[in-house]
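Participant: Sequence:
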Amino acid sequence: MIDTANTIKAGNAFTVDKLLIVSILMSLPDSGDWQTTVESLKTLNDKDLTLEKIKRRLLERATEVSKDRSRKPNSDKATAFHVGSKPANGRKCFACGKQNHYIRDCRNKAAVERYKSERAKKDTSKESGTSNNKESGNYAFSAFSAEQQDQESGIWYKDAGASRHYTFQREILSNYRPVQDSVQLADRSSLEIQGVGSMTCKTTEGNTVTLHEVFHVPKMKVNLLSTAQLDKKGIEEHCLNGVTTFKHKGNTIFTSNRVGNRWIMNWQVLEATSPNNAYLVADKLWHRRFCHIGYSTLKQVAQHVHGMSFGKDSRDHGPCEACNLGKAQRKVFSPTGNPRAKHPMDLLHLDFNIVNIPGRNGELAVLGMTDDHSNMRFMFPMKRKSGQDIVDVIKNWLPWAERVTGRKVKAFRHGGEKELTLGHFKAYCGEHGIEQQITVPYEHEQNGTAEVTNRVITTLARTTLIESGLPKSYWPDAILTATFVANRSMAPDKRATCVEEFTDVKPDVSMLRVFGSRCWVKVPVEKTGGSHKLDPRSLPGRFLRYENYGSAYRVLLDDRREVIATSVTWDEGATDGTVKVPEITPLDQASNSGVQEAPESDDSDSEDDIPVPEPPAVPEPVQETQESSSDDDVAPDTPPSLRPKRNRRPPGEWWILDNRNSIHYAFMTMDEALQGPDAQKWKAAVEKELTNFKHFKAFELVDLPPGKKAIGSKLFPNIKKDGTFKVRGVAKGFTQIQGVDFTDTFAPVAKAQAIRVFLVICNARGWVIQQGDVRAAFLNSNLEEEVYMQQFKGFEEELNPPGQPQRVYKLLKALYGTKQAGRAWRKRLAEFLLKNGFKPLMHEQCIFYKGSWDKDLVLVVVWVDDVLAAGDKSSPILQDFWKMFKKEFEVEDLGYLENYIGMHVQRDLENKKLYISQERALQEVLLQFNMQDSKPRDTPLPSGLVMKRNTELPETDKPYRSLVGCLMYPMIWTRPDIAFAASQLGQFSSGATDEHWQAGMELLRFIQGSKSLALEYQFRGSYDLVCYTDADWANDLQTAKSVYGYIFFLDGNPVSWKSKKIQSVCTSTTHSELEGFFHAAQEGQWLSGLLHELGIIKEKKFKIFCDNKAVLDIITSEKALERTKHLIVKVEFLRELIRNGTCQPEQVKSQDNTADIFTKSLGKILFSRHQAGCGLVALDEGECSNSDPGSVGVVGVNNSSRNASRSTKTHRSAGNGELSISEYSESVVNDSELGSSAFYT
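Residues in the sequence shown are numbered consecutively from 1, following full-length UniProt numbering.
Errors might be hidden in some of the hints.
[What the hints assert, rightly or not] Restricting the straight-line Cα-Cα distance to at most 27 Å, the calculated cross-link-like pairs of lysine-lysine (DSSO-like) are:
#1 LYS1103 - LYS1060
#2 LYS249 - LYS202
#3 LYS694 - LYS827
#4 LYS886 - LYS726
#5 LYS92 - LYS116
#6 LYS299 - LYS53
#7 LYS714 - LYS697
#8 LYS494 - LYS472
#9 LYS835 - LYS726
#10 LYS855 - LYS835
#11 LYS219 - LYS116
#12 LYS1103 - LYS1130
#13 LYS683 - LYS835
#14 LYS935 - LYS1164
#15 LYS683 - LYS522
#16 LYS720 - LYS408
#17 LYS1041 - LYS913
#18 LYS1149 - LYS751
#19 LYS883 - LYS694
#20 LYS1164 - LYS1041
#21 LYS1100 - LYS855
#22 LYS913 - LYS935
#23 LYS726 - LYS708
#24 LYS1060 - LYS1109
#25 LYS249 - LYS232
#26 LYS98 - LYS109
#27 LYS732 - LYS883
#28 LYS726 - LYS522
#29 LYS726 - LYS694
#30 LYS1109 - LYS1149
#31 LYS913 - LYS1060
#32 LYS726 - LYS506
[Claimed, not checked] Cβ pair distances, simulated, as ranges:
#33 SER296 - ARG188: 40 to 46 Å
#34 SER296 - SER23: 36 to 42 Å
#35 GLU236 - GLY739: 17 to 23 Å
#36 LEU58 - ASP231: 23 to 29 Å
#37 THR669 - VAL505: 42 to 48 Å
#38 GLN1063 - GLU890: 45 to 51 Å
#39 TRP570 - GLN1063: 29 to 35 Å
#40 VAL179 - ASP703: 42 to 48 Å
By construction, these hints were calculated from the structure, which means they are not laboratory data.
Ideal Cβ positions, reconstructed from N, Cα and C, are used throughout, including at glycine.
Sequences are here, hints too, so could you generate the full structure?
Facilitator: And the structure:
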């Protein structure tokens, strides 16, 4: 004690507290009941060694000692090799042979060394008799009694007698696997080993050490470090002056201090790395992860969940500031006396909670739903409190609940709100036979379960929101997070958690994290291909809520984007508000130097600021019904409670998926899937895929021939929209070498123009269109090249024996991922069709025909594995085709055509009308970019808008390329009215700025209001091919390049259109118009050739309308003109088409030229006129059915757009007595009838 005091004085650190600490420690015994506690306290640093900590440790130990002694009065069981427990009187030293001392105290060093050498030889001879040099058993000859010591987390003891590393802490082990074994102690007793794993810790020197093969022995009271295992790893041990230094190749790894007669390491255990393992966390951290649920409840929860380690004594955890701020004394509701429901879904309690602060997505209320049996809660943030919104929520939620419980809902209990007793909700309950139990007004206790749910969830959300420091507008995220963790607390009967009572599945809470905590999201490797190798590989952010039923996290990044990810690194201490949410700069302050608006004489609609889309909440908030598409329809003084102002926020990265459309594991690999809570479902999905391969005899297991290289293989997990777990096994075709593993790869698909011509023909003839999908199409095609593939990792049929050739798959079929898979399938299908008398069209190799136009004709359209066959319903060729096709391949019969490659097809067979639209696809685009509830506009882009490239501004960090790609698909298939806007945006895929991104948001606003538009095809009695072409000279103000566009009509139905920039600079308006005419004539040649080949028209001819008289004069005269001699080849090409009668040029007035919509941004009135001229009509919802081709589907069409449609007037030949161009201009309805309201339903 005097030495210690002198040390303190020498360090100028003499204090009363330190002297008192030294006095207390010196007064305690180093053995017996206090041994481990004292030794662990002596290893602490001065900073950590406080009177408060010593007091708490000693009081806790005193309580435990008192309990142990009362429970085991005769607990003085002898320990093995217990140093200092009694003197060595009468004992003989094994080294020198003398009495009264042990070998470790022997002063005859030569005798000790000789004894150790002989003992080592004996041990070696014993080990030589075992097989493979494996230990014959597990031993732990430590100086401890298994029953007397208290468990100290983080304290490790060096044990020379231990054959393995041992720990009592399951939560610190990663890569954990169960093991059935036992360990023998020095007193010859044994303890059960339950598992083995790896442990990572930080030493007092600051090094990170990972111990492998650490055995989990729950009843062992200490953590033991085996020096024998360290020696096997080449780690040297050096002892000097009470410090043992462990070195590897001369570098110090860690040290051990001698406390008393024991060697102790005080290590900081780091988090386990496996996703399915719990973390070494304090009770207080679990308290925060569970949104500040009480400690007594958490102690019960820990016994009914997986992945949670909670302390044995939760009485003294100190004050929680967030709880003090967020919780208050509440009066407990009196029991109602009603018996609890016997089964889940028998009774659901409903209640509303109105929040005065708008959420970041405009939410103002929360619908709470509680299952009476299990107390399972469900919370749905909503923008408004209406019966229709409630019904939408119930419809989305109910299928999931019925699937997981296997039961139907029987009754709803609520307080009698008018939204629940009248209108939509009342009708819904009556339709589905659901009872409504309405409580007495103002007697809230009758629906006390719902009241308590709102109180509990709101309290937890408020507390976590206060602690996180996030703005109050994030209350929907806090509500959903609180609900998620509250459902993992105890059910009212205290037998299990709410989730287990509801789903009969014990939950795993190892993935829980503190709301608002700091984290870093790892960007998938596939998305970093274009970045520099030294760029960061993760993005910092804040945790918002759980996604995909807890298998993923929604994270708010520092740049205000949101992601859903599984690979996340955490710092759960950074939630005290010190990490602030970045301030949002108002978008109306952004510069507009990247976009220039040119003057336009036509009327144009004024536009508001472009709203940047906000991230969606999950569950999906019920959206507001758009009453009108006009910007002027919303009154400026609209109350905020009805139309809350939208928070303008950018969307997440393009690789982020929203689980409202499909539940997808962002960033998930097969390894992560197998370590998650649905591992068994994923394994079943893999087995299903492997069985599918065996069914098609896709490969055979062989030895890899010398000189051959096997390509890799991979399993991709995914969850379909219906909740089905799907795994796709693919080959890593990117490692194939051309000329070795493959030759050609090209495989055609049908052109969009050809498919539309096909639909026009089928509608005109009244043919039925039947659809089939070939199951596992690529596996039906044989592989000509010799290709070897590695077995699927983790699911190998045979392991590779050492020294033997590698066991690999020899591919017999064109497996997914191989370079030639698509081409092989195309060849296989074409051979089948040719064998059965079908021939491909010369103008379109993916349309096959059999028969003739005048008799029985059947057309077959091929789009990879989707096959359409059309013909007369009674056609024997059509019937024979399907019989042969289903006999040759495994085909899923999809019935009559309704949905095809993203298009929705509706038919009115009686009136020979057909409609194609992409409303669902457009809605998914809006959801992807969080514009599903944006304010619609009347035109794709502001009138006269001209975009330009600005190299002075930084490139946008928004997913611009993804936006362009998503817009191209509907533009190509069904939406000619957005062709110019999409083409303009596509020119800035490289070097786009935020201004270009805002222009894209304008286009999404237009799509929001016009997504229900459809192309209308109807039979008018002829197959005339008519085109309109136009050009805008020097449209690009920076490059002086022009834009041309055209649209072709077959029998008045749009079948082909284009808007494109001319690659060369045109020197005049005539030059640009001539270029457009030339490209239109080329397309007309192809279309007329297609029709002629089918026998539909006798002569190849088409008509082109142009509004430029100079162009018509040039191509219809033989005079050589000086100004266009550089275009002589194109001019002579057009003149030849005119001379042989193939092309018939005609003049049209500029205001009647439909192609004007493809060359510039138009105002509202002119755009509406040409939009209708493109054959687009607004369909009334839910009025058409394709279930039976014999029935008549009735489609409601907006009359104003029908009257304005040029397709009913101008696209027919004037020679047939129809209206001419001049007559049409007089028959067009007034401009007021062509307003935006005519196109939005």
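Participant: Hint by hint, say whether it matches the structure.
Facilitator: The hints, checked one at a time:
1. At roughly 21 Å between alpha-carbon atoms, LYS1103 and LYS1060 fall within 27 Å of each other, so this suggested pair holds.
2. With a C-alpha separation of about 20 Å, the suggested pair LYS249 and LYS202 falls inside the 27 Å cut-off, and the hint holds.
3. Only pairs whose Cα atoms come within 27 Å are accepted, and LYS694 paired with LYS827 is accepted, the gap being roughly 22 Å.
4. This hinted pair checks out: LYS886 and LYS726 have alpha carbons roughly 25 Å apart, not beyond 27 Å.
5. Among the hinted pairs, LYS92 with LYS116 is consistent with the structure: their alpha-carbon atoms are about 16 Å apart, no more than 27 Å.
6. Simply put, LYS299 and LYS53 have alpha-carbon atoms about 23 Å apart, close enough for the 27 Å limit, and the pair holds.
7. Note on LYS714 and LYS697: the hinted pairing holds, with a Cα-Cα distance of about 18 Å set against a maximum of 27 Å.
8. Note on LYS494 and LYS472: the hinted pairing is violated, with a Cα-Cα distance of about 34 Å set against a maximum of 27 Å.
9. Between LYS835 and LYS726 the alpha-carbon distance is near 35 Å, which puts this suggested pair outside the 27 Å criterion.
10. For a cut-off of 27 Å, the pair hint linking LYS855 to LYS835 stands: about 21 Å separates their Cα positions.
11. With a CA separation close to 33 Å, the supplied pair LYS219 and LYS116 exceeds the 27 Å bound.
12. Note on LYS1103 and LYS1130: the hinted pairing holds, with a Cα-Cα distance of about 18 Å set against a maximum of 27 Å.
13. Between LYS683 and LYS835, the direct Cα distance comes to roughly 41 Å. Violation of the 27 Å bound is thereby established for this hinted pair.
14. Restraint check: the Cα-Cα separation between LYS935 and LYS1164 comes to about 16 Å, which is no more than 27 Å; the hinted pair holds.
15. This hinted pair checks out: LYS683 and LYS522 have alpha carbons roughly 26 Å apart, not beyond 27 Å.
16. Restraint check: the Cα-Cα separation between LYS720 and LYS408 comes to about 24 Å, which is no more than 27 Å; the hinted pair holds.
17. Restraint check for LYS1041 and LYS913: the C-alpha separation of about 40 Å exceeds 27 Å, so the hint is violated.
18. Of the supplied pair hints, the one linking LYS1149 and LYS751 is violated, its CA atoms being roughly 31 Å apart against a limit of 27 Å.
19. Between LYS883 and LYS694 the alpha-carbon distance is near 25 Å, which keeps this suggested pair within the 27 Å criterion.
20. This hinted pair checks out: LYS1164 and LYS1041 have alpha carbons roughly 26 Å apart, not beyond 27 Å.
21. For the hint linking LYS1100 to LYS855, the alpha-carbon distance of about 21 Å falls within 27 Å, and the restraint holds.
22. Taken as a hint, the LYS913 and LYS935 pair is broken in the structure, with Cα atoms around 32 Å apart against an allowance of 27 Å.
23. At most 27 Å may separate the alpha-carbon atoms for a hinted pair to count; LYS726 and LYS708 exceed this at roughly 32 Å.
24. Our distance criterion of 27 Å between C-alpha atoms is met by LYS1060 and LYS1109, whose separation comes to about 22 Å.
25. With a C-alpha separation of about 13 Å, the suggested pairing of LYS249 with LYS232 holds against the 27 Å cut-off.
26. Note on LYS98 and LYS109: the hinted pairing holds, with a Cα-Cα distance of about 13 Å set against a maximum of 27 Å.
27. A threshold of 27 Å between alpha carbons decides the hint, and for LYS732 with LYS883 the separation of about 36 Å lies outside it, so the pair is violated.
28. Of the pairs offered as hints, the one joining LYS726 and LYS522 holds, with about 24 Å between alpha carbons and a cut-off of 27 Å not exceeded.
29. With a C-alpha separation of about 17 Å, the suggested pairing of LYS726 with LYS694 holds against the 27 Å cut-off.
30. Under the criterion of a C-alpha separation no larger than 27 Å, the hint pairing LYS1109 with LYS1149 is consistent with the structure, at around 10 Å.
31. Taking the CA atoms of LYS913 and LYS1060, the gap is near 31 Å; set against the 27 Å cutoff, the hint is violated.
32. Taking the CA atoms of LYS726 and LYS506, the gap is about 24 Å. The hint holds against a cut of 27 Å.
33. Under the hint 40 to 46 Å, the C-beta atoms of SER296 and ARG188, about 41 Å apart, fit the expected range.
34. One distance hint, 36 to 42 Å for the beta-carbon pair SER296 and SER23, holds here, with the actual separation near 37 Å.
35. Between GLU236 and GLY739 the Cβ separation comes to about 55 Å, which falls outside the hinted range of 17 to 23 Å.
36. In this structure the hint that LEU58 and ASP231 lie 23 to 29 Å apart at CB is violated, the actual value being about 37 Å.
37. In this structure the hint that THR669 and VAL505 lie 42 to 48 Å apart at CB is violated, the actual value being about 24 Å.
38. Checking the proposed 45 to 51 Å range against GLN1063 and GLU890 shows it holds: the Cβ atoms sit about 47 Å from each other.
39. The hinted range of 29 to 35 Å is not satisfied by TRP570 and GLN1063, whose Cβ atoms lie roughly 52 Å apart.
40. Checked against the hint of 42 to 48 Å, the pair VAL179 and ASP703 fails, with Cβ atoms roughly 34 Å apart.
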